[in-house]
Each structure stands twice: as structure tokens, then as C-alpha cells.
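Peer 1: Start from the sequences and build out the full structure, keeping to the hints where you can.
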Amino acid sequence: MKRNEKAARIQKILDELHPTVPIPLDHVDPFTFLLAILLSAQTTDKKVNEVTPALFAAAPTPAAMANLSVEEIRGYIRQIGLANTKAKNIRRLSEMLVERGGEVPRTFEGLEALPGVGHKTASVLMAQAFGVPAFPVDTHIHRLAERWGLSDGSNVVNTERDLKRIFPEESWNRLHLQIIYFGRQYCPALYHDLDGCPICSWAATKKRKAEEKRADRERRRRRRK
Numbered sequence: 021m022k023r024n025e026k027a028a029r030i031q032k033i034l035d036e037l038h039p040t041v042p043i044p045l046d047h048v049d050p051f052t053f054l055l056a057i058l059l060s061a062q063t064t065d066k067k068v069n070e071v072t073p074a075l076f077a078a079a080p081t082p083a084a085m086a087n088l089s090v091e092e093i094r095g096y097i098r099q100i101g102l103a104n105t106k107a108k109n110i111r112r113l114s115e116m117l118v119e120r121g122g123e124v125p126r127t128f129e130g131l132e133a134l135p136g137v138g139h140k141t142a143s144v145l146m147a148q149a150f151g152v153p154a155f156p157v158d159t160h161i162h163r164l165a166e167r168w169g170l171s172d173g174s175n176v177v178n179t180e181r182d183l184k185r186i187f188p189e190e191s192w193n194r195l196h197l198q199i200i201y202f203g204r205q206y207c208p209a210l211y212h213d214l215d216g217c218p219i220c221s222w223a224a225t226k227k228r229k230a231e232e233k234r235a236d237r238e239r240r241r242r243r244r245k
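Letter 215 of the sequence shown, counting from 1, is numbered 235 in this note's numbering, and no numbers are missing.
By construction, these hints were calculated from the structure, which means they are not laboratory data.
Listed next, the in silico DSS-like pairs over lysine-lysine satisfying Cα-Cα at most 27 Å (straight line): (1) K66 <-> K140; (2) K66 <-> K108; (3) K140 <-> K108; (4) K26 <-> K233; (5) K227 <-> K32; (6) K229 <-> K245; (7) K227 <-> K184; (8) K22 <-> K226; (9) K184 <-> K32; (10) K67 <-> K108; (11) K229 <-> K184; (12) K245 <-> K233; (13) K26 <-> K184; (14) K26 <-> K226; (15) K226 <-> K32; (16) K32 <-> K22; (17) K32 <-> K140; (18) K140 <-> K184; (19) K22 <-> K227; (20) K67 <-> K140; (21) K227 <-> K26; (22) K22 <-> K184; (23) K233 <-> K22.
The following label-pair restraints were derived from C-beta to C-beta distances: (24) V48 <-> K227: 41 to 49 Å; (25) R185 <-> V152: 12 to 20 Å; (26) I33 <-> N69: 23 to 31 Å; (27) P218 <-> M116: 41 to 49 Å; (28) N87 <-> S221: 49 to 57 Å; (29) E70 <-> D49: 13 to 21 Å.
Please read all numbers here as calculations on a predicted model, not as lab measurements.
All C-beta atoms, glycine included, are put in the ideal place defined by N, C-alpha and C.
Peer 2: What follows is the structure, encoded as C-alpha cells:
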């Protein structure tokens, strides 16, 4: 099966399983959404949603956030991974936004110039806050694209490029979230029954299925020691 044929079948399954795809990070505007995305690195969305209400209540705007000290910001997000670095980035980011008029940039270049904002973070904001076609590649998407044979898994840059080539541009923003939800519900990284998966069962190669079974057996063997 060619990649574009596989992509079309995958898209149909995702539309059936996840017809609605709410944004998993709670926010009220582009600024709070940007901070939530930044905080979500190496942390679950659930944990981010637990700590951001108090942070956003204390400082709902770039100007208010810039008036907080790094220590105060860290106090709100201390349960989040990399809290110290993220607190520093949030304060400097907020200061830069104030210097530039208080508005969140609506370009990739402008966003990626901010502290702590990489291409994936910028892509999520551009797609979900501003409706600009983008295909943010997180760990779920990178892993599943390789597992399904849509990309070679060499790096996230190549994965993003490959996915953009085989899926229609108008579907990118929706597919980004659909694949994340599918990965969480049906397609975990470890101890996954590829033969029973709605997509892996036919999209993954026999070689890939055998490799993952061997890896799972080895993990179980190590755990028993």
C-alpha cells in the first residue's frame, strides 16, 4: 500500500474514532495558551491544567506576568517538570511581549524568537489559536508516524515534512490532535498489541510487529530480574 493510500485510510479511521478533538490544554487567550504549551514540555496536560488556573488568575496578561518574580512564577508551577527553567522563560517571554506591545506574535518567526518557544510550541499555537495550517509533531505523533510507516522516524523534522506531504493541508490542524488522542487511547508506546490495534493491525509491517514483540518480551524479562 502506498503512503498516500495508507494516509487516506488512517484519516478515515481517525475521523470515525475522534470526530471531535477539543484542545487538551486549558486557556483563555493566545497568551495563556502559549504559556500552557510551554509548560507542557516533559509534563502531562493534566498536570499543566492543575497548576495554570492559579498562575493565570495571578497574572492573566504579559504585563502582569512580567511583574512577578521568577521565584513567584516558580511557586505556581513547582509541580511541573523543569519548573525553574520554565519560570525564567515565562518571565523573560512576558517581558519581551510587553516590550513589543503586549500581543502574542502571529508568525512562526516571531514566536520562535521567544524564550522557551521552539518550533513545535509555535506550531501548536499557530494551528490551534490562529488557524494557520501546521502539523506539530510531539512524541505521540513522531512515534506513530514511524510505527504506521508514514515516516522513517529519523527525526521530528523529517516526520513533519513527511506528514505534510501525504495529508491534505486543510486536515493538518485536526489530524494533529486526532493522532494525539488516538495514541493515548489506542496506541501506547510500550506493551502494545499491534495486531489488535485499529490502525497498527494493518498499517505496521510484519517486521515492525515482530520487533516490538521482541522488545516487549525483553522488557518483561528485565522486570522479572
